[in-house]
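Colleague: The residues making up each chain are set out below.
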Amino acid sequence: MIGFPILSLMLLVPLVGAVISLVSDRKTARLVALAATLVDFVLGVLLWTHYDIGGAQWQFREHAAVFAGFDWKLGIDGIALMLIVLTVFLMPVCIGASWNSIEKRAGEYYAAFLFMETLMIGVFAAQDLFLFYIMFEAGLIPMYLIIGIWGGANRIYASYKFFLYTLLGSVLMLIAMFWMANAAGTTDIPTLMEYDFPPQAQTWLFLAFFASFAVKMPMWPVHTWLPDAHVQAPTAGSVILAGVLLKMGGYGFIRFSLPMFPIASAHFAPMVWGLSIAAVVITSLIALVQNDMKKLIAYSSVAHMAIVTVGLFAFNRQGLEGSMVVMLSHGIVSGALFLAVGVIYDRLHTREIVRYGGLAINMPYYALFFLLFTMASIGLPGTSGFVGEFLSLLGIYKESSLIALVATTGIILGAAYMLYLYRRVVFGDQKNADAAAMPDLDFREWAMMVPLAAAVLWMGVYPESFIAPMRKDIGTLEARVAIARPKGDADVKFGGKTPAAVAATLGSAQLKGAK
Amino acid sequence: MSHILIIVFAPLVAAIIAGLGNKRLGAVPSKLITTGALFVSCALSWPIFLAFLGGHAETTVTPVLNWVHSGDLNFAWALQVDTLTAVMLVVVTSVSALVHLYSWGYMSEDPDQPRFFAYLSLFTFAMLMLVTANNLVQMFFGWEGVGLASYLLIGFWFRKPSANAAAMKAFVVNRVGDLGFMLGIFGVFLVFGTVSIPVILHEAPGLAGTTIGFLGFRFDTATVLCILLFIGAMGKSAQLGLHTWLPDAMEGPTPVSALIHAATMVTAGVFMVCRLSPLFEQSQTALNFVTFIGAATCFFAATIGTTQTDIKRVIAYSTCSQLGYMFFAAGVGAYGGAMFHLFTHAFFKALLFLGAGSVIHAMHHEQDMRYYGGLWKKIPLTFIAMTAGTLAITGVGIDDVFGFAGFYSKDAILEAAYARGTDIGLFAFALGVFAALLTSFYSWRLVFLTFFGKPRWDQSEHIQHAVHDAHGHDDHAHHDHGHDGHAHHDHASDGTAGYHPHESPLNMLVPLGVLSLGAVFAGFVFAPQFLSEGSGEFWKGALVFNEHLLHAMHHVPGWVKLAPAGVMLTGLAIAYYAYMVNTALPAAFVRQFGFLYRFLLNKWYFDELYDAVFVRPAMWLGRFFWNVGDIGIIDTFGPNGVAKVVALASRGAVRLQSGYLYSYALVMLVGLVGAISWVIAR
Numbered sequence: 039m040i041g042f043p044i045l046s047l048m049l050l051v052p053l054v055g056a057v058i059s060l061v062s063d064r065k066t067a068r069l070v071a072l073a074a075t076l077v078d079f080v081l082g083v084l085l086w087t088h089y090d091i092g093g094a095q096w097q098f099r100e101h102a103a104v105f106a107g108f109d110w111k112l113g114i115d116g117i118a119l120m121l122i123v124l125t126v127f128l129m130p131v132c133i134g135a136s137w138n139s140i141e142k143r144a145g146e147y148y149a150a151f152l153f154m155e156t157l158m159i160g161v162f163a164a165q166d167l168f169l170f171y172i173m174f175e176a177g178l179i180p181m182y183l184i185i186g187i188w189g190g191a192n193r194i195y196a197s198y199k200f201f202l203y204t205l206l207g208s209v210l211m212l213i214a215m216f217w218m219a220n221a222a223g224t225t226d227i228p229t230l231m232e233y234d235f236p237p238q239a240q241t242w243l244f245l246a247f248f249a250s251f252a253v254k255m256p257m258w259p260v261h262t263w264l265p266d267a268h269v270q271a272p273t274a275g276s277v278i279l280a281g282v283l284l285k286m287g288g289y290g291f292i293r294f295s296l297p298m299f300p301i302a303s304a305h306f307a308p309m310v311w312g313l314s315i316a317a318v319v320i321t322s323l324i325a326l327v328q329n330d331m332k333k334l335i336a337y338s339s340v341a342h343m344a345i346v347t348v349g350l351f352a353f354n355r356q357g358l359e360g361s362m363v364v365m366l367s368h369g370i371v372s373g374a375l376f377l378a379v380g381v382i383y384d385r386l387h388t389r390e391i392v393r394y395g396g397l398a399i400n401m402p403y404y405a406l407f408f409l410l411f412t413m414a415s416i417g418l419p420g421t422s423g424f425v426g427e428f429l430s431l432l433g434i435y436k437e438s439s440l441i442a443l444v445a446t447t448g449i450i451l452g453a454a455y456m457l458y459l460y461r462r463v464v465f466g467d468q469k470n471a472d473a474a475a476m477p478d479l480d481f482r483e484w485a486m487m488v489p490l491a492a493a494v495l496w497m498g499v500y501p502e503s504f505i506a507p508m509r510k511d512i513g514t515l516e517a518r519v520a521i522a523r524p525k526g527d528a529d530v531k532f533g534g535k536t537p538a539a540v541a542a543t544l545g546s547a548q549l550k551g552a553k
Numbered sequence: 235m236s237h238i239l240i241i242v243f244a245p246l247v248a249a250i251i252a253g254l255g256n257k258r259l260g261a262v263p264s265k266l267i268t269t270g271a272l273f274v275s276c277a278l279s280w281p282i283f284l285a286f287l288g289g290h291a292e293t294t295v296t297p298v299l300n301w302v303h304s305g306d307l308n309f310a311w312a313l314q315v316d317t318l319t320a321v322m323l324v325v326v327t328s329v330s331a332l333v334h335l336y337s338w339g340y341m342s343e344d345p346d347q348p349r350f351f352a353y354l355s356l357f358t359f360a361m362l363m364l365v366t367a368n369n370l371v372q373m374f375f376g377w378e379g380v381g382l383a384s385y386l387l388i389g390f391w392f393r394k395p396s397a398n399a400a401a402m403k404a405f406v407v408n409r410v411g412d413l414g415f416m417l418g419i420f421g422v423f424l425v426f427g428t429v430s431i432p433v434i435l436h437e438a439p440g441l442a443g444t445t446i447g448f449l450g451f452r453f454d455t456a457t458v459l460c461i462l463l464f465i466g467a468m469g470k471s472a473q474l475g476l477h478t479w480l481p482d483a484m485e486g487p488t489p490v491s492a493l494i495h496a497a498t499m500v501t502a503g504v505f506m507v508c509r510l511s512p513l514f515e516q517s518q519t520a521l522n523f524v525t526f527i528g529a530a531t532c533f534f535a536a537t538i539g540t541t542q543t544d545i546k547r548v549i550a551y552s553t554c555s556q557l558g559y560m561f562f563a564a565g566v567g568a569y570g571g572a573m574f575h576l577f578t579h580a581f582f583k584a585l586l587f588l589g590a591g592s593v594i595h596a597m598h599h600e601q602d603m604r605y606y607g608g609l610w611k612k613i614p615l616t617f618i619a620m621t622a623g624t625l626a627i628t629g630v631g632i633d634d635v636f637g638f639a640g641f642y643s644k645d646a647i648l649e650a651a652y653a654r655g656t657d658i659g660l661f662a663f664a665l666g667v668f669a670a671l672l673t674s675f676y677s678w679r680l681v682f683l684t685f686f687g688k689p690r691w692d693q694s695e696h697i698q699h700a701v702h703d704a705h706g707h708d709d710h711a712h713h714d715h716g717h718d719g720h721a722h723h724d725h726a727s728d729g730t731a732g733y734h735p736h737e738s739p740l741n742m743l744v745p746l747g748v749l750s751l752g753a754v755f756a757g758f759v760f761a762p763q764f765l766s767e768g769s770g771e772f773w774k775g776a777l778v779f780n781e782h783l784l785h786a787m788h789h790v791p792g793w794v795k796l797a798p799a800g801v802m803l804t805g806l807a808i809a810y811y812a813y814m815v816n817t818a819l820p821a822a823f824v825r826q827f828g829f830l831y832r833f834l835l836n837k838w839y840f841d842e843l844y845d846a847v848f849v850r851p852a853m854w855l856g857r858f859f860w861n862v863g864d865i866g867i868i869d870t871f872g873p874n875g876v877a878k879v880v881a882l883a884s885r886g887a888v889r890l891q892s893g894y895l896y897s898y899a900l901v902m903l904v905g906l907v908g909a910i911s912w913v914i915a916r
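Line order of the protein sequences matches chains A and B.
In terms of my numbering, the numbers along the first sequence are unbroken and rise by one, the last being 553.
In terms of my numbering, the numbers along the second sequence are unbroken and rise by one, the last being 916.
Treat each hint with caution, since some may be false.
[Unchecked claim] Here are the computed lysine-lysine pairs in the DSS-like style, where the Cα-Cα straight-line distance is at most 27 Å:
| hint | chain 1 | residue 1 | chain 2 | residue 2 |
| --- | --- | --- | --- | --- |
| 1 | A | LYS469 | B | LYS257 |
| 2 | B | LYS688 | B | LYS612 |
| 3 | A | LYS469 | B | LYS612 |
| 4 | A | LYS525 | A | LYS333 |
| 5 | B | LYS688 | B | LYS611 |
| 6 | A | LYS333 | B | LYS257 |
| 7 | A | LYS142 | A | LYS65 |
| 8 | A | LYS333 | A | LYS469 |
| 9 | B | LYS394 | B | LYS837 |
Keep in mind that the hints were calculated from the coordinates and are not lab data.
Here the structure is a predicted model, which means the values were calculated and not measured.
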């Protein structure tokens, strides 16, 4: 524990930074933004190091009654902790990515980003239902502005789509929240996580929340806002959108849908599986035929997030932990990939894949980083992408070998579209003189790439640092959803021998599948 | 044994230094560091192997770091050394060290040497992680790591579109196998509750009589697990169906072909089956499947090898075919034989590839054997090395006296298949013997086309370029066009086009020499350890050693023992007749049996089939889901449809567009007001 209200401070620092940025010129604003995000990063590291693994479920709790029933209530468990760490880790990178490329209305731009950081941390730290709602929905407004004001040519359409999808979900979720608060008599999230809603009510509550989270994930078929949003967003917007905002959907499932409506979760699991494997196959195939780098990576995000939902709705330890690791890894890797796209976009101002080629010749270090992130996206063991994907798929295999088989085809298709991208951008001969003249990474770009690369390798080689804080909370969740777990189709049965005889030779502890 | 840490991690450190240093570090330091690291690894590996040979070494596990802990799933980074690993250690580090050395000469003119050597060392690290794994996930790490290195090295000359296509194909086809491998690991964990290899193997016998659900059906547990894992092996070891990437992988520089696509990486599948042999022994169905695929591959690849004209592709199909031998050996229970063939094959196949590289080097990058001929006088040392390799692969030898490396291992495999006594064993034996005939034919065909006959160099574009360039320089220097034209005319008659092949430099010849020693003596020297009644002592349970099968092998009929030698001589005779005596015969054959020739030349049309069944439909589906699904249906009826409705309702999109943000804020506000009212009303 720490002697000051660290969570509130982490919310306050970017907020103050936002206000200062708003009234500053470009050069001051970006310095202020960088400073604020770095301070928050340091606070995030403090949070991580002071988090008591295996201690109380909710730590760093703060509580101040604002008015009757609506409380300023913050606190985190290991799951929220890791997502907050992810957020504060990516924010300075985003500021770095905007350093030179944002010229118009820079003060407002950085203010929007900093304000968004406050809200994102707020989402993960909120312990009050309505506080969460405000953070969750308001967090989209800065994003909406970032796309709409600093976006590409077709930004209005993109932000409109983004808004429309999100609106639908949030209205339903808000209604559900009213009902829940009324029924349970509290807006305290930890209490609600242990509250048993009637099975009938769980069904529609689940669907109401699902509408919101499925759009945020995004799940197929409500994903079409994502490619447009990514394509139109400035680089940093894409990084934070893929890196953190998509994780709010997954966090929603983990924090609300699964623990609050376990029975309904079990009921709807086959639907979630179906949508997820459809997403893996369909969006991967779509990614294969993209000509726009950002669109390709956006579609790949949909496929990766489908692995998250598949793992979550496996309701077992490996599935749940794997999903969390996929979220953390995807946050870093897709952020890094968008950054990699941004690096060359800044030089050539096009996202068309065919305009590049042969970058390995004039940008060898760029090629190296891009390769690492590509491999992490493909899920090469030793990178962060593998650990989560492996655990999630293993988790779902326990429940359904068929779903696991289809979901695992993602490793083939993923390799195909990412390597096809890499081949066209980095390999080949130098067809375009302007692409061939691009210089390799400068200091600022190195400074952004190196931490991301280090994180990718760290999480791939020693993921324990990231899993350990979440272990106990995942355990609690696993126990909570135990009733939802379906009987797997891959259980071992004994033919001629009696189970006892087999158990004796196998060692009773080993026969997990038989139970 | 902390030496194992140095053996495994020295190549990694070298790869990182050379790779990050790249051109700033310079070619020579990069080469020194990587090659030095490999020779250190190699020097430390041999004592370990010799200790196991001497029978005074025990299995060791050196823990490195925890990796993943999730519930009851636990696995760590650790290096296990037992007999099986020790065999692989010397194979991998020796061939790799020699290939590093060879590349000093072969790649001497390449501007990207640091990158090349970094990749080679990275590959070696991943391969060593694979063979020292004591859990399935670390094996998978090595598995994918070698795949990455293979991808990078096949596409090393990344300006060439064909190299990039081949690299991608290799990775993606391997991923199809990996799908099986991953599902296999999941299944193993589900059944055994662990991914630790020693525990799995210890408890495998308990699987007898159990069934497991898979895709809604019920199957024998061990069968499902083994076949899933074997699909992984099929991908990595280029077995029938998942073999298409290996011939294309020849786009990579030749040292790469020798190291990765002949001696080490492609044998990983065989290693995996041997490593997990106690598990495979639990399922006769799976073993039969392994035998069938192995035998079919050994036959199929050999048929293609007879018609290819690219020297590297001939050897590539030969590799594919030899891997088939190893698999059916494992399938019939002769795991020791499979590993022994892996061991000898590593030497003679690396030798053949490096020899081919030396020929290509001498012939100015020409790889088409139709444009070789008469080279033995020009590059005699390469010729001797290639001949040694050919004697080894075709299995020349006399029982109880002396034989080249392949003689011991291939004959043992064929005898084991026969001795097994099962239908599938006989099937494998029959195909194996026929493939041995083809092996002998295409191997000698390669030698005769390359080294004998009259030079046919003048038809080669590469040679023409080389000669033209050289003459161009002459022109420039002497302004003597007349002389040049005259000289050209002179050379045209002898087929040399005036080109003078040179023997390779010493740093290429030394590896050839060392590997030649291996090709000649590896079988003779090591056969007693790998393949005798006492070999159980050597293997120490690292794989299933079937004493009965070994015993039965000694009692096969005489004709079974003689069959390999007979077909070997027949193949040699046919090749000699067709390519030395009556050189018009091949063309006549092509005229007469055009269909068969084209079928083989086009590799049984696998590439065309896969392109039509997988690649094109995938692209078509991608466009369909995008244009029709996402844009046509979802967007039309989703956001765009809503927009139209709203626009109609508000009679003007302009007003709406500027209104989005406000309406959003309004919804939020409504929500807040609602929340507050609820609080107050409560």
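Colleague: Okay, which hints does this one fail, numbers in order?
Modeller: Result: hints 3, 4 and 6 break, sorted rising.
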